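Student: So the sequence lines, in the order shown, correspond to chains Z and A.
Just so we're aligned, residue 1 is where the first sequence starts under the numbering used here, counting upward by one.
Just so we're aligned, residue 1 is where the second sequence starts under the numbering used here, counting upward by one.
Derived from the structure by calculation, the hints contain no laboratory data.
Worth double-checking, as some hints may not be accurate.
[Unchecked claim] Lysine to aspartate or glutamate pairs mimicking EDC-like chemistry, simulated, CA-CA at most 16 Å apart:
{"id": "1", "chain 1": "Z", "residue 1": "K100", "chain 2": "Z", "residue 2": "D206"}
{"id": "2", "chain 1": "Z", "residue 1": "K44", "chain 2": "Z", "residue 2": "E244"}
{"id": "3", "chain 1": "Z", "residue 1": "K35", "chain 2": "Z", "residue 2": "E241"}
{"id": "4", "chain 1": "Z", "residue 1": "K18", "chain 2": "Z", "residue 2": "D83"}
{"id": "5", "chain 1": "Z", "residue 1": "K18", "chain 2": "Z", "residue 2": "D43"}
{"id": "6", "chain 1": "A", "residue 1": "K338", "chain 2": "Z", "residue 2": "D72"}
{"id": "7", "chain 1": "A", "residue 1": "K338", "chain 2": "Z", "residue 2": "E241"}
{"id": "8", "chain 1": "A", "residue 1": "K452", "chain 2": "A", "residue 2": "D331"}
{"id": "9", "chain 1": "Z", "residue 1": "K113", "chain 2": "A", "residue 2": "E353"}
{"id": "10", "chain 1": "Z", "residue 1": "K44", "chain 2": "Z", "residue 2": "E241"}
{"id": "11", "chain 1": "Z", "residue 1": "K77", "chain 2": "Z", "residue 2": "E244"}
{"id": "12", "chain 1": "Z", "residue 1": "K107", "chain 2": "A", "residue 2": "D342"}
[To be verified] Residues from chain Z that keep clear of chain A, each with C-beta distances beyond 10 Å, as calculated:
{"id": "13", "residue": "D16"}
{"id": "14", "residue": "G102"}
{"id": "15", "residue": "K113"}
{"id": "16", "residue": "S164"}
{"id": "17", "residue": "T198"}
{"id": "18", "residue": "P255"}
{"id": "19", "residue": "R256"}
[As the list claims (entries may be wrong)] Now the stretches of chain Z that chain A is said to cover, found in silico as 3 or more residues with beta-carbon under 8 Å:
{"id": "20", "region": "86-98"}
{"id": "21", "region": "119-130"}
{"id": "22", "region": "169-181"}
This one's a predicted model, so the numbers in the text were calculated from it and none came from an experiment.
For each residue, glycine too, the CB sits at the ideal point set by N, CA and C.
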Amino acid sequence: MMNDMRKIERDTAVSDIKIHARDVQVFYGDTHAIKDVSVDILDKTVTAFIGPSGCGKSTFLRCLNRMNDTIDIARVKGDIQIDGNDIYHPSIDPVQLRAKVGMVFQKPNPFPKSIYDNIAYGPRIHGLAKTKAELDEIVERSLRRGAIWDEVKDRLHEPGTGLSGGQQQRLCIARAVATEPEVLLMDEPCSALDPIATAQVEDLIDELRRNYSVVIVTHSMQQAARVSQNTAFFHLGNLVEYRETGQIFTNPEDPRTESYITGRIG
Amino acid sequence: MTTIVFVTLFCISVLGYVLNRQAATKLRADGTRLHSVPGYHGLYSLLSTLVPVAVLIVLWLIFQGPLIDRFTMSGLPAGSLGELDAGGRQLVLAEIKSISRGRIFGDPEAWKVDAADRYAWMHAISRWMLLGIVIVASLGIVGFARSRVAANFRARHGVEHITSGLMLFCSTIAIFTTLGIIAALLFESIRFFERVPITEFFFGLNWEPQIPLREDQIAAEGAFGWIPVFLGTLVITVVALFLAVPVGLLSAIYLNEFAPSRLRAVAKPVLEILAGVPTVVYGFFAILVVAPAIRSFGASLGIPVSPNTALAAGSVMGIMLIPFISSFTDDALSAVPKSLRDGALALGATRAETVLNVLFPAAIPGIVGGILLAISRAIGETMIVVMAAGLIASLTINPLDSVTTVTVQIVTLLIGDTSFDNPKTLAAFALGMMLFIVTLIINVFALRIVRKYREAYD
Ligand SMILES: Nc1ncnc2c1ncn2[C@@H]1O[C@H](COP(=O)(O)OP(=O)(O)O)[C@@H](O)[C@H]1O
Ligand SMILES: [Mg+2]
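So that you can see chain Z by itself, here it is in the shape it has in the complex (with noise of 0.2 Å):
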């Protein structure tokens, strides 16, 4: 497995920086989540957040859209620039900041909606759309950027919850795609799904690349190898490696990573 690894293309020579976290501090009351995390990543590249659980991968991601503020006990410290603006400035307003930075979670989580009320549902409050032909074109093409256009064109009008678990988190990827974001935060997302619905969204995630900045949280080694072209490995709260992935997986530098990848913490 390892070995496949190196075998596969890597073009993250041309990219911009898309993120810029500097000196990032997260608290929950008490505990220190976070400790002085400082991060770039870059445009149309998949970066991949690796680490034990528990280690603050999810809390540095809701970092990116602000979800940490819905959280009445999380304090967020340090600075985080999208495009070279501070996204915690005051004249930020986060709900106009999650539209651009889209999540989807671990656990696919649809609207108890039709597929199509669950697609037009960002647009629709945001006021994307115009008229219903323009909404209905909004959902057809994130329907097939999500790759699930052809399995559900039939039933649009059906519950978004009759689906397949694979299904709905790509509906789900689908539905974050819809608002038209730049960058896409990923929670584990094929935590809850089999290995072939696993294989379709890791298709999925790397044909996203072409049009956003990916983040993807995962506990998958073999995942983060396959889909994504960066990785950072946390561990307690720090960040301690942050290279291109197949050196991190090959040749690591730092001692707690090389115990991560060969399976003696975690």
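Chain Z is fixed; fit chain A with the ligands onto it per the hints.
Tutor: Frame of chain Z, contents of chain A with the ligands only:
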């Protein structure tokens, strides 16, 4: 005496516990492997003595009174009862009993004194017999249980059987009581419908349950159409819901989604205190505060308002229902998985949009279930309407009129000197039956809906 019997039983059972436990401990000390630990052997003896003999004692105490009464009466010298009817016999028996307790009025006949002696004697005999039987039976069971102590005796399973039997018995009590209540209602309703045609009850538009008590009394023939009464219940329920549903819903949504956690920590218990206020206190509130306020407000607008309005009773009942609806709504909102809320927020929805478009639709089944249960409470609520609604049944849907309700009518029909064989009193049971059926139907619907939404997110 009864205390002595129970104490004896208890002592003997404890003795059985000790005996069995010691025997089992000894077996084990001799090196045998026991199926059950000694404590279970002890418990087995204790329970198998205590439970059946206690049941025997209770049955004995229940039946000894009526049996002794019967023996006393049948043992009277022939002809002493003469032509007495059932009521007269009752009086004789009561006199005999009071003589036997030493309370003698006047100069009773000799045969009554004799009977009183026999009555007292039979009671004494019965008590001693009971004590004897309890001692013999419990010692017998203790001996039997002791003889079963052996390495491979499954005392543990025996204890299991006895305790589960006990639990089964307790759980059937509630069911049988309910069945008993239904049977009583049904029986009396049937007697009512023998006197008043069923069509008159269901379709009649007049409710005037006045019946001449004596032959020569001049009074209107009673009319028993339940429609105006039920309409009154409906009007008050509708008024109550108009107040309780929006206030309950919105307060629950606010507390669940918007309130800072410190406010929520204070406001939620306060809201729940409302549910603990006795309904009679709400009744006071309705009479003393709400009704006069409505009346003077109506007067200032020049609208005629009757002293007891459906509006006053209904709105106070609505206040009573607020915590009910808000706690159901709160539960339903909390039951919506956090992932749905996060999903909507992550798409850039505001909190209000999230609640309105995603959480609320997902919670609707639970909320509807809560509202239905609130309706059935409103229909069955008695105290507030007895105090604040009127007594005269009028066919109206104007909330500023005085209306009466099913529960109020039941109360007034049964208050005071009543005999249970005229339609006036029996009508109360027919109304009770209808109330029972209506609330039952609503509850069944409500529980179904509630259960359905519970399953939805597993
Ligand atoms: N909502 C929360 N409230 C309090 N503590 C939290 C919360 N979410 C996460 N934490 C704590 O923050 C740390 C990091 O958690 P998380 O980011 O979920 O880790 P990961 O996603 O890497 O498994 C853990 O110690 C966890 O207990
Ligand atoms: Mg996580």
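Student: Now look at each hint and say whether the structure bears it out.
Tutor: Here is what the structure says about each hint:
1. K100/Z / D206/Z: violated (20 Å)
2. K44/Z / E244/Z: holds (14 Å)
3. K35/Z / E241/Z: With Cα atoms ~14 Å apart, K35/Z and E241/Z stay inside 16 Å; holds.
4. K18/Z / D83/Z: holds (5 Å)
5. K18/Z / D43/Z: Roughly 5 Å separates the two Cα atoms, so the pair holds.
6. K338/A / D72/Z: holds (14 Å)
7. K338/A / E241/Z: Judged against 16 Å, a Cα distance of about 32 Å means the pair is violated.
8. K452/A / D331/A: Within the cut-off at roughly 14 Å; holds.
9. K113/Z / E353/A: holds (15 Å)
10. K44/Z / E241/Z: Measuring from Cα to Cα gives roughly 21 Å; hence the hint is violated.
11. K77/Z / E244/Z: Not satisfied, since the Cα-Cα distance of roughly 27 Å exceeds 16 Å.
12. K107/Z / D342/A: holds (11 Å)
13. D16: holds (24 Å)
14. G102: G102/Z is in fact no farther than 10 Å from some Cβ atom of chain A, at 7 Å.
15. K113: violated (7 Å)
16. S164: Holds, since 17 Å exceeds 10 Å.
17. T198: Non-interface label on T198/Z holds, nearest chain A Cβ at 19 Å vs cutoff 10 Å.
18. P255: Nearest chain A Cβ is 36 Å from P255/Z, so the label holds.
19. R256: holds (31 Å)
20. 86-98: Since 4 is at least three, the answer is holds.
21. 119-130: It holds, with 4 qualifying residues against the three required.
22. 169-181: Holds, because 4 residues of the region 169-181 of chain Z bring their Cβ atoms closer than 8 Å to Cβ atoms of chain A.
Of the numbered hints listed earlier, those contradicted by the structure are 1, 7, 10, 11, 14 and 15.
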